[in-house]
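Undergrad: As numbered in full-length UniProt numbering, residues 1 to 315 make up the sequence shown, in order.
Incorrect hints may appear among the rest.
As the list claims (entries may be wrong) - Cut-off 20 Å, straight-line C-alpha distance, at most; resulting in silico cross-link-like pairs (SDA-like, lysine to any residue):
| id | residue 1 | residue 2 |
| --- | --- | --- |
| 1 | Lys37 | Ala94 |
| 2 | Lys37 | Gly120 |
| 3 | Lys37 | Cys76 |
| 4 | Lys203 | Asp222 |
| 5 | Lys37 | Asp145 |
| 6 | Lys203 | Ala232 |
| 7 | Lys37 | Ala50 |
| 8 | Lys203 | Ala215 |
| 9 | Lys37 | Ser151 |
| 10 | Lys37 | Val146 |
What the hints contain is simulated information worked out from the structure, not anything from laboratory work.
These figures come from a predicted structure and were not determined experimentally.
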Amino acid sequence: MSDGVGAAIHRSAATARARARTAVPGRVPEVLDVRSKDGTRIHTEAYGPADAPTIVLAHGILCELGFWRNQIRDLCDDYRVVAFDHRGHGRSQAAPARAYTMDHLADDLHAVLGAAAPDGRPVVVAGHSMGGIAVMAWAERYPRDVDARVSAVGLVNTTPGEIFDNVQFLRGPRSLTTVRRRVAQTVVPLARMPLPQRMPLRKHLLSRVAVGTGAAATITADVDRMLGRTSARGRGGYGRLLVNMIDTVDPSAITAPTLVIAGSHDRISPPGRSEWIAERLPNLLELRTFDSGHCGPLERPGEVSAALRELIETS
Numbered sequence: 001m002s003d004g005v006g007a008a009i010h011r012s013a014a015t016a017r018a019r020a021r022t023a024v025p026g027r028v029p030e031v032l033d034v035r036s037k038d039g040t041r042i043h044t045e046a047y048g049p050a051d052a053p054t055i056v057l058a059h060g061i062l063c064e065l066g067f068w069r070n071q072i073r074d075l076c077d078d079y080r081v082v083a084f085d086h087r088g089h090g091r092s093q094a095a096p097a098r099a100y101t102m103d104h105l106a107d108d109l110h111a112v113l114g115a116a117a118p119d120g121r122p123v124v125v126a127g128h129s130m131g132g133i134a135v136m137a138w139a140e141r142y143p144r145d146v147d148a149r150v151s152a153v154g155l156v157n158t159t160p161g162e163i164f165d166n167v168q169f170l171r172g173p174r175s176l177t178t179v180r181r182r183v184a185q186t187v188v189p190l191a192r193m194p195l196p197q198r199m200p201l202r203k204h205l206l207s208r209v210a211v212g213t214g215a216a217a218t219i220t221a222d223v224d225r226m227l228g229r230t231s232a233r234g235r236g237g238y239g240r241l242l243v244n245m246i247d248t249v250d251p252s253a254i255t256a257p258t259l260v261i262a263g264s265h266d267r268i269s270p271p272g273r274s275e276w277i278a279e280r281l282p283n284l285l286e287l288r289t290f291d292s293g294h295c296g297p298l299e300r301p302g303e304v305s306a307a308l309r310e311l312i313e314t315s
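All chains should be built: construct the whole structure from the sequences, respecting the hints.
TA: Structure representation (structure tokens):
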């Protein structure tokens with residue numbers, strides 16, 4: 001069998017699998033063949049016209065590319081929208097436990113950017129939460145590629161680090177911050193244990209932490225389903241990374257025009273963390289704050305889609 005025929009069969013089979021479980025009902029994506037620097041397979045889907053301006057979407061921890069389904073639906077008629085699952089999430093390969101670092105976040109995004117624009121055209125890239133950390137980590141790791149590969153950036157509900165020093169739940173006295181962090185570092189290995197398919201307490205916790213007051217119960221249920229589909233190695237690997245992230249990522253390596261979006265009720269990445277990022281960006285377009293919790297793309301889908309559309313049009 002020739003390489004060309006083999007590749008065609010592989011792509012056809014991947015497209016059939018995507019049709020069976022597409023992120024956007026009624027839309028069949030092109031499944032891109034993406035391998036990271038260490039060989040890990042990164043499940044990546046592309047929607048929309050191949051010759052249109054491209055935006056790449058990176059989701060947060062414990063989610064999957066379907067987290068962006070509203071934005072994919074809203075944008076894919078006019079633009080090429082590429083979304084991917086982080087390693088150990090969704091349909092991407094679960095790497096070994098040691099392979100969940102900032103460098104792996106950066107390398108995975110770098111591989112996706114190469115597949116999204118094989119001709120080298122600059123693209124817009126937007127990251128939510130850990131996806132935003134991935135964008136900042138990529139800019140630090142690949143500084144020579146920033147101007148050439150990216151025309152604009154969106155950072156949505158993103159924190160630069162020092163996560164347990166700034167989360168706004170289970171806080172207690174400031175003097176106990178170090179103790180809370182040590183407890184979290186001790187408990188996070190439990191994330192590698194299998195999760196029960198149904199766990200009402202988990203949904204209750206998500207409704208208190210991940211989304212804003214008044215968010216529809218269906219949003220919490222969606223996030224819970226994504227969490228349940230995240231591999232144990234993905235949960236444990238990146239959970240450990242974020243819990244131990246006591247330093248900050250420097251956003252100043254992002255030289256492209258950047259839009260920062262915060263959630264006024266975000267308890268995981270409070271608005272002050274978005275302000276911290278915005279103050280250090282060399283090419284800030286705007287800091288916008290939406291009436292949402294941590295899941296802005298799900299809670300305020302129209303507003304986030306409109307903001308990303310503006311970002312593409314001005315890049």
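Undergrad: Has the given pair, Lys203 with Ala232, been kept, meaning a C-alpha gap of at most 20 Å?
TA: It holds: about 18 Å lies between the C-alpha atoms, which stays within 20 Å.
Undergrad: Below or equal to 20 Å on CA atoms is what counts here, so check Lys37 against Ala50.
TA: Distance of about 25 Å is beyond 20 Å: violated.
Undergrad: CA of Lys37 to CA of Cys76, is that 20 Å or under?
TA: The hint is violated at about 28 Å.
Undergrad: Taking only the CA atoms, is the gap from Lys203 to Ala215 under or equal to 20 Å?
TA: Since the Cα atoms of Lys203 and Ala215 sit roughly 13 Å apart, the hinted pair holds (cutoff 20 Å).
Undergrad: Run the distance test for Lys37 versus Val146: straight-line Cα separation, threshold 20 Å.
TA: This hinted pair holds, its Cα atoms lying about 18 Å apart.
Undergrad: Under the criterion that the straight-line Cα-Cα distance not exceed 20 Å, is the pair Lys37, Asp145 satisfied?
TA: holds (16 Å)
Undergrad: Hey, Lys37 versus Ser151, does the alpha-carbon distance stay inside 20 Å?
TA: With Cα atoms ~23 Å apart, Lys37 and Ser151 exceed 20 Å; violated.
Undergrad: Are Lys37 and Ala94 close enough, with their CA atoms no more than 20 Å apart?
TA: With Cα atoms ~14 Å apart, Lys37 and Ala94 stay inside 20 Å; holds.
Undergrad: Starting from Lys37, check that the Cα of Gly120 is at most 20 Å away, please.
TA: holds (18 Å)
Undergrad: Quick one, are Lys203 and Asp222 close enough, alpha carbons at most 20 Å?
TA: holds (10 Å)
Of the hints listed earlier, those the structure fails to meet are numbers 3, 7 and 9, in rising order.
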